[in-house]
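K.L.:
Sequence:
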Amino acid sequence: MRVPEKPLHQYPWYIRPLFWTQKRKYKQILKSGLLWARVPRLFTAVAHLYGALDRKNSPLDPVLRSLIIVRVSQINWCHFCIDLNSSVLLERAGSMEKASILENWQESELFNDKEKVALEYAEAITYTDRQVSDKLMENLR
0 MRVPEKPLHQ
10 YPWYIRPLFW
20 TQKRKYKQIL
30 KSGLLWARVP
40 RLFTAVAHLY
50 GALDRKNSPL
60 DPVLRSLIIV
70 RVSQINWCHF
80 CIDLNSSVLL
90 ERAGSMEKAS
100 ILENWQESEL
110 FNDKEKVALE
120 YAEAITYTDR
130 QVSDKLMENL
140 R
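Numbering (numbering that gives the first Met the number 0), first residue to last: 0 to 140.
Because the hints were derived from the structure by calculation, they are not lab data.
There's no promise every hint is true.
Claimed, not checked - Per label pair, the in silico range of CB-to-CB distance:
#, residue 1, residue 2, range
1, Ile100, Arg15, 33 to 43 Å
2, Thr125, Ile100, 45 to 55 Å
3, Ser86, Arg37, 40 to 50 Å
Said to hold, decoys possible - BS3-like, lysine-lysine: derived pairs with alpha carbons at most 30 Å apart:
#, residue 1, residue 2
4, Lys134, Lys30
5, Lys26, Lys5
6, Lys22, Lys55
7, Lys30, Lys5
8, Lys26, Lys55
9, Lys97, Lys115
10, Lys26, Lys97
11, Lys115, Lys55
12, Lys134, Lys97
13, Lys24, Lys5
14, Lys22, Lys5
15, Lys134, Lys113
16, Lys55, Lys24
17, Lys134, Lys24
18, Lys55, Lys134
19, Lys55, Lys30
20, Lys134, Lys115
21, Lys113, Lys97
22, Lys55, Lys5
23, Lys97, Lys55
Cβ coordinates follow ideal geometry from the N, Cα and C atoms, glycine included.
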């Protein structure tokens, strides 16, 4: 790691429970967490954003949420994120079949219409050279 790690006791007290959660869930404190926590407000914001997107009472099915998160991770070239979120997808879906062809979802019959429109929307809002069309918004509804 190019940015040196700080000892855990140097992080603010309100960040440490998030480390505890990571350790419990992933069996270790994630390197990305140690980096983000160097700017505590950023780390807290990222944790809250992820929690809001992946909340239990979300109207989106957990498998669909995971598919979207993995696809956005692919677009952003975040190999760590792809790996971590693919493990969550595997846990939720019970298979890596869709994850293995996610980059070419448009050409696959494995994805249903709901998944395809959600992935199309995710790509439209993630890629900077695309826009969300009225037709896409209509399809989302």
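K.L.:
Now look at each hint and say whether the structure bears it out.
P.N.:
Okay, the hints, checked on the actual structure:
1. Ile100 to Arg15: 33 to 43 Å: holds (40 Å)
2. Thr125 to Ile100: 45 to 55 Å: violated (18 Å)
3. Ser86 to Arg37: 40 to 50 Å: violated (25 Å)
4. Lys134 to Lys30: violated (41 Å)
5. Lys26 to Lys5: holds (19 Å)
6. Lys22 to Lys55: holds (21 Å)
7. Lys30 to Lys5: holds (11 Å)
8. Lys26 to Lys55: Between lysine 26 and lysine 55 the Cα gap is close to 22 Å, so the pair holds against 30 Å.
9. Lys97 to Lys115: Holds, at about 12 Å.
10. Lys26 to Lys97: holds (26 Å)
11. Lys115 to Lys55: Since the Cα atoms of lysine 115 and lysine 55 sit roughly 22 Å apart, the hinted pair holds (cutoff 30 Å).
12. Lys134 to Lys97: This hinted pair holds, its Cα atoms lying about 25 Å apart.
13. Lys24 to Lys5: holds (22 Å)
14. Lys22 to Lys5: Roughly 17 Å separates the two Cα atoms, so the pair holds.
15. Lys134 to Lys113: holds (14 Å)
16. Lys55 to Lys24: holds (16 Å)
17. Lys134 to Lys24: Outside the cut-off at roughly 40 Å; violated.
18. Lys55 to Lys134: holds (29 Å)
19. Lys55 to Lys30: Since the Cα atoms of lysine 55 and lysine 30 sit roughly 26 Å apart, the hinted pair holds (cutoff 30 Å).
20. Lys134 to Lys115: Cα-Cα ~14 Å, so holds.
21. Lys113 to Lys97: holds (14 Å)
22. Lys55 to Lys5: violated (33 Å)
23. Lys97 to Lys55: It holds: about 22 Å lies between the C-alpha atoms, which stays within 30 Å.
The structure fails to meet hints 2, 3, 4, 17 and 22 from the earlier list, while all remaining hints are met.
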